[in-house]
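Line order of the protein sequences matches chains A and B.
Per my numbering: the first sequence = residues 7 to 383.
Per my numbering: the second sequence = residues 1358 to 1725.
What the hints contain is simulated information worked out from the structure, not anything from laboratory work.
Each statement offered as a hint is correct.
Lysine to aspartate or glutamate pairs mimicking EDC-like chemistry, simulated, CA-CA at most 20 Å apart:
hint	chain 1	residue 1	chain 2	residue 2
1	B	Lys1634	B	Glu1623
2	B	Lys1547	A	Asp18
3	B	Lys1634	A	Asp18
4	A	Lys291	B	Asp1397
Keep in mind it's a predicted model, so treat the numbers as computed, not measured.
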Amino acid sequence: MQSFFNNRKVRDALIQLIFLACIGYGAMYLVLNAVTNMSNAGLTSGFDFLFQRAGYDISYSLVHYDPKTSTHLMAWLAGMVNTVAFAVIAILLTTVLSLVLAVMRLSDNFLLSSVSLCVVEYMRNVPILVHITVWYVFSLTLPSVRQAFNFADVSFLSNRGLSLPSVGWNYGLWASIVLISLWLGLCFLVRKKIQTKSRRLLASLFVTIVLVVLAGLIFTPVMSVMAPQLVGFNFKYGWTLPPEFVMLIIAVSTYSASHGSEVIRGSILAISKGQMEAGLALGVKRNIVMNKVIIPQALHSIIPPMTSIYINVLKAAALGSVVGFMDIMGTMGGSSLNITGQAIECIVIVMVSYGILNLILAAIMGRFNNAMQLKGR
Amino acid sequence: MNDLNFTGKPVEARHQDSRPLSARRILMWIQRNLFNSWIDAVITLTILLLLGTLLPKALNWLFFSATFSGSGRADCSPDAACWIPIRQYIDYYLYGPFPESEQWRVNSAFAVGLFAFPLLFTQRISQKIVIGYILLLPVILWLLLKGGFIFEDISTSALGGLTLTFFLGIIAMCLSLPVSILLAMGRQSKLPILRLSCVGYIELVRCIPVITFLFMASLVLQLFLPSGVTIDVLFRVLFVLIFVSAVYKAEIIRGAIQAVPKGQIEASYAMGCGYWKTMMYVVMPQALRNSVPALISNFIGLFKETTLVMILGLLEVMGAVKATFNNAEWLGLHAEGPIVVSAFFFVACFSIAQYGAYLERRIKRTKH
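Can you make the complete structure from the sequences, with help from the hints?
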């Protein structure tokens, strides 16, 4: 008997069995409790509620959402689109800002690097919720529509939000499909035929311009750009982003950019000084050494930590509920849950949605990482 | 001078200039660091211009024209900061609604908690005492702030302000450490079921915002408990903070475990030590020591994350500040509250971060 329990395989199997039994018992206990509680409250589990009328308003939604007729499924979609829109804009802004802050910090100019140091240290040491509050307070001080900040008559910043010119897409469905598939096909061809990176970029740019011009000649009306105009008490035309959305994006992207700039700076500093010196000794200019030697090497160590920063940005969309911007957490995990009482289903949907978004983001960054790794080893 | 070149010191260490400061050297420094090229000059002048115009205005608003003392809203000037409510409520921000006669307990809790930082990395005191202190810390804090045993029990609704932030931060930090060590070990275990469940748990928690779990704890958890059983919202929040931050710590500790040379583990096995002995006496002492800087930055993140409990209606420091500015008398003062909160968090987190950076430098020095 003694030797039976001392057998490694038997012991391992036993430990795992006990572990599984504990987890299974815990899960069973919770599920049974939930079943009795739900039957006491008169709730039936299931996802039927998704097709019922939602009946609550979503302050800002990119897809068409009408509180009177739309279902919970539409509310989920609106939240999902809001999250994605937020994440895409905030991630782009984070990347740009962290690059700018890192370059400022690495500059030889003492004042510039100390300004960057102060900004970064302030941003990373203050909680994101405080940042959101600060920017929200700032949005309260914005002028009314009539005294809006005017950026060259094409975009305006007021207490109604940021008004941007909109780009109309007036080709109709079939023409759009033909154009987009033509464009994708040509880009694919360019990718196959042309080897050098810079020429490939030039060629695809050329293809795009030619296609746009041709489309403008063949199909009328052409793509139209509409600047926002002040009509009465509000802006007409254009594309107006609500203040809470703008402020959330600014708060989240500045906060993450402070972390991102430290990542970028650390990676660039980690490349040995000798590389720059060797490049300079060969008579190559400083910026060329930076672009061809230092940055490609730094990128390898930048991308993995940047991925986790991007995932944090995506997750920060849930904080929008503090200022009234609704993402999946606000629609499905907040209002829908409160109205229908289908807590488990709603939370599962929220978790699965975030999981899918994160997986997609991680997959994109993974591909990017693979493309950037050193080849030929 | 020349013999210095043979000592093998790093290049930076050789050029310790000991000449006295002279006007020429200052000028050279300015020329090199501020006006190196014409672009540099333009940037420098722009920044100086911006600072010159904005800084006096900001300082004026914050301090020189601001009202510091007075009795009510009427004493405030309309176009400068008004610090009267902050001064009025400062006790509330620190102690929350904690009973006034028991406030010495909060003070001693702060002292006990802050003492952990210098203790964490002293080499004079043996590691056993330090670990013992870390393990005892949540118990002591619990006794002091929550009561029970010898002290008078205090209801959870009396915890608020900085006291609550501190309570949540330190207790979640200390209690999540053992969980994270187990998770990190489970993730590297050779037993497939154990490993897979640890990996699944870690990856699941990492891709979902903390605020989702907090909402779950406040709205959904009730559904999974037998009817009649209720858990106080503070404990639910604490539970969430522990089990979420453990995941991030587990990844830090996993990295540190992987950094321990494999030969040491094999040597330990060869000496006849089992898994637990190897982990306890060979791997963990090195891994934990090397992960201290990363754990400190994780603690900063956790400390900042405690502000999220405000969303559930718990008045930690930010919620307390916000609540006082909802008071009818101070309604409309928007900027003062966030300024005070961000100043507090900046000072606290920045000093902890500096301490972490110092430890990191020290670890690097002792390694080579």
